[in-house]
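Going by our numbering, the sequence shown runs without a break in its numbering and finishes at 589.
Worth double-checking, as some hints may not be accurate.
To be verified - Now the in silico label distances, taken between C-beta atoms and shown as ranges:
| no. | residue 1 | residue 2 | range |
| --- | --- | --- | --- |
| 1 | G225 | K33 | 37 to 47 Å |
| 2 | E467 | R417 | 54 to 64 Å |
| 3 | E523 | P375 | 19 to 29 Å |
| 4 | R302 | G273 | 51 to 61 Å |
| 5 | H477 | G324 | 50 to 60 Å |
| 6 | E176 | D416 | 14 to 24 Å |
| 7 | V179 | R269 | 31 to 41 Å |
| 8 | V398 | G225 | 51 to 61 Å |
| 9 | G225 | D337 | 27 to 37 Å |
| 10 | T161 | D416 | 36 to 46 Å |
| 11 | A336 | M445 | 18 to 28 Å |
Everything labelled a hint here was simulated from the structure, so no lab data went into it. Cβ atoms here follow ideal geometry from the backbone N, Cα and C, with glycine treated the same way.
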Amino acid sequence: MADDPVPAQLEKARQRLLDLTMRNRLLNFRPTRRQTVPIVDELPAEIWRLLLADGKKLGFLAREEHELVDGRTAGASGQAPPEDTDGDDEARGPSIEAEYDEVFTLPEIEPAQAARDEGLPVRYRDGNLQTALSSENLQTNLLRIYQAAVSALQERGVNVLFLAVGFLEWTQPATHGDRVFRAPLVLIPAALERSSARSRFRLGALDDEPAVNPCLVRKLQDLRIAMPPAPEDWDGFDVEDYLRQVERAVAGQPGWAVSRDMVLGLFSFTKYLMYVDLDGRRWPEGSRVDANPLIRALCGDGGALPPAADPPDAADLDRRLDPAQVYQVLDADSSQQEAVLYAKTGQSLVIDGPPGTGKSQTIANIIAECLAERKSVLFVSEKMAALDVVKSRLDRVGLGDFVLELHSTKANRRTLTAELGRVMDKGRGGAGADQGLPAKLTALKERLNAYVAALHEPYGPAALTPYRAMGRILLLKDVPPVACQMPGYGDWTPQRIEELTELVRALARQLAPVWPIDGHPWRGSRLTTATGQVQREVEDLLGRLAGDLPALVAAGAALAADLDSPAP
22 MADDPVPAQL EKARQRLLDL TMRNRLLNFR PTRRQTVPIV DELPAEIWRL
72 LLADGKKLGF LAREEHELVD GRTAGASGQA PPEDTDGDDE ARGPSIEAEY
122 DEVFTLPEIE PAQAARDEGL PVRYRDGNLQ TALSSENLQT NLLRIYQAAV
172 SALQERGVNV LFLAVGFLEW TQPATHGDRV FRAPLVLIPA ALERSSARSR
222 FRLGALDDEP AVNPCLVRKL QDLRIAMPPA PEDWDGFDVE DYLRQVERAV
272 AGQPGWAVSR DMVLGLFSFT KYLMYVDLDG RRWPEGSRVD ANPLIRALCG
322 DGGALPPAAD PPDAADLDRR LDPAQVYQVL DADSSQQEAV LYAKTGQSLV
372 IDGPPGTGKS QTIANIIAEC LAERKSVLFV SEKMAALDVV KSRLDRVGLG
422 DFVLELHSTK ANRRTLTAEL GRVMDKGRGG AGADQGLPAK LTALKERLNA
472 YVAALHEPYG PAALTPYRAM GRILLLKDVP PVACQMPGYG DWTPQRIEEL
522 TELVRALARQ LAPVWPIDGH PWRGSRLTTA TGQVQREVED LLGRLAGDLP
572 ALVAAGAALA ADLDSPAP
């Protein structure tokens with residue numbers, strides 16, 4: 022449709038994913054002091070062979086541990102590159118590469134010929150990467166890189182650790198004058214590992230495929246320069262030949278050059294890959310992203326989704342849930358049951374709640390229900406911890422074999438195919454379901470529902486349910502017990518209870534002026550009325566008592582003296 026706004030909205034969102042500015046390290050690489058390890062005096066082809074073809078783990082040598090090309094040692098010569106440890110990279114003066122390039126230079130060796138002749142010096146084949154850092158700074162940088170890579174994997178589910186092989190030095194005279202930028206050419210997904218906190222780090226290649234710098238490819242397209250394409254199959258890839266192809270591609274650009282530098286560092290281009298995936302020209306007919314109802318709704322098409330069904334009412338769950346059709350594997354309260362039932366109807370929903378409210382349980386139950394209906398489920402999470410929690414719950418209930426991990430440090434082609442083979446070899450064995458279980462569950466459900474119904478059934482003329490009666494009794498748990506007779510209470514109606522309650526309230530109001538009773542002058546009196554006659558009799562008695570009181574006091578004092586006791 023010509024006036025369809027969704028493609029334009031989607032394209033705007035797509036463009037926001039693209040960063041072709043000089044803030045992008047994939048276009049303007051500047052080594053940092055604590056999250057970069059420059060590799061020096063190594064041959065890209067040999068490192069590629071050791072890491073990828075041979076699958077070896079490589080160690081690291083600090084500058085004082087390896088020999089320089091000209092035969093001097095960094096420690097002995099005193100020519101090692103200086104290293105600042107504080108301050109901002111931009112304000113520190115010479116860059117790292119400028120510092121180590123003065124001392125470390127690649128040998129004049131034809132890599133392919135040297136490999137054929139096996140004439141390479143041992144330092145290029147010893148399984149160690151030579152670096153331009155001191156021992157202390159090397160271990161500090163490796164630890165910082167390791168921690169950042171692990172954090173990115175756990176928090177965002179992406180690998181950001183790469184060994185950059187080869188750099189393009191390029192310029193943009195129209196916008197940045199003669200400033201030279203450096204961009205990595207080929208990126209090898211990598212992982213650091215060590216056996217203990219005291220051991221040294223080793224570098225290995227992940228099973229993910231290497232990548233040609235996608236942001237650089239896109240940037241050079243804008244400059245009408247075609248980068249050599251990435252191979253469809255990386256097996257047998259000749260990195261040295263690829264670097265020469267890049268040299269030929271940029272040969273006509275003044276000031277541009279290709280170096281064989283290698284750097285271990287943190288790079289991320291996941292947003293760029295999303296940018297590529299959202300390119301409408303790449304979508305097959307019949308599977309266009311802008312035709313997806315959810316995508317259209319997110320882009321502002323209010324009529325893309327059918328009206329949402331009303332969420333199931335908790336009170337209606339028992340009627341709607343047939344035990345024979347329930348395949349939940351974990352406990353669920355009524356709110357969680359509502360979410361599961363809503364998801365089973367094919368509705369889109371958001372489940373919100375603080376930690377510990379059962380969201381992962383609910384997800385596990387939804388997955389189990391979908392498995393029972395022979396559906397496939399793609400569970401995606403930004404945080405690796407969320408994936409691990411749901412996976413562990415499914416493992417504990419015996420559904421782990423249905424889960425295939427597609428995205429983790431353990432997920433690669435080798436483990437993926439091995440896991441598929443393991444599950445397929447298990448076949449379809451296992452004990453059959455108890456055919457009588459649904460009937461047992463139905464009987465148990467009816468018993469529980471009968472108990473709940475009785476608990477809320479009004480009883481007697483008072484129409485009071487046991488639930489409300491017990492609740493009222495619990496409210497009186499701190500009130501002292503009172504022994505009193507209440508004849509006929511079984512026949513009290515709600516109206517009669519209200520009348521008696523009002524009488525008790527009135528008595529409480531009358532007691533307020535005379536409380537506490539045990540100290541009141543009229544305590545013990547049985548009079549029910551106070552007439553004028555009673556008042557006169559009381560006044561007469563009080564007058565006579567006042568006249569007799571002095572004699573009574575004197576007699577008491579004399580008696581106390583005789584008894585050698587205090588006077589009353």
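How the hints compare with the structure:
A hinted range of 37 to 47 Å holds for the C-beta pair G225 and K33, which are about 40 Å apart. A hinted range of 54 to 64 Å is violated for the C-beta pair E467 and R417, which are about 30 Å apart. The supplied range of 19 to 29 Å is broken by E523 and P375, whose beta-carbon atoms lie about 45 Å from each other. A hinted range of 51 to 61 Å for the beta carbons of R302 and G273 is inconsistent with their spacing of about 29 Å.
At roughly 44 Å, the beta-carbon separation of H477 and G324 lies outside the given 50 to 60 Å, and the hint is violated. Between E176 and D416 the CB atoms are about 23 Å apart, so this pair conforms to the stated range of 14 to 24 Å. Taking 31 to 41 Å as the suggested C-beta distance range, the pair V179 and R269 conforms, at roughly 33 Å. Restraint check, V398 to G225: a C-beta distance of roughly 32 Å breaks the suggested window 51 to 61 Å.
Checked against the hint of 27 to 37 Å, the C-beta distance between G225 and D337 comes to roughly 56 Å, which is inconsistent with it. A C-beta distance of roughly 38 Å is found between T161 and D416, which places it inside the suggested range of 36 to 46 Å. Roughly 45 Å separates the CB atoms of A336 and M445, a value that falls outside the hinted 18 to 28 Å.
Violated hints, listed in ascending order, are 2, 3, 4, 5, 8, 9, 11; each of the other numbered hints is respected by the structure.
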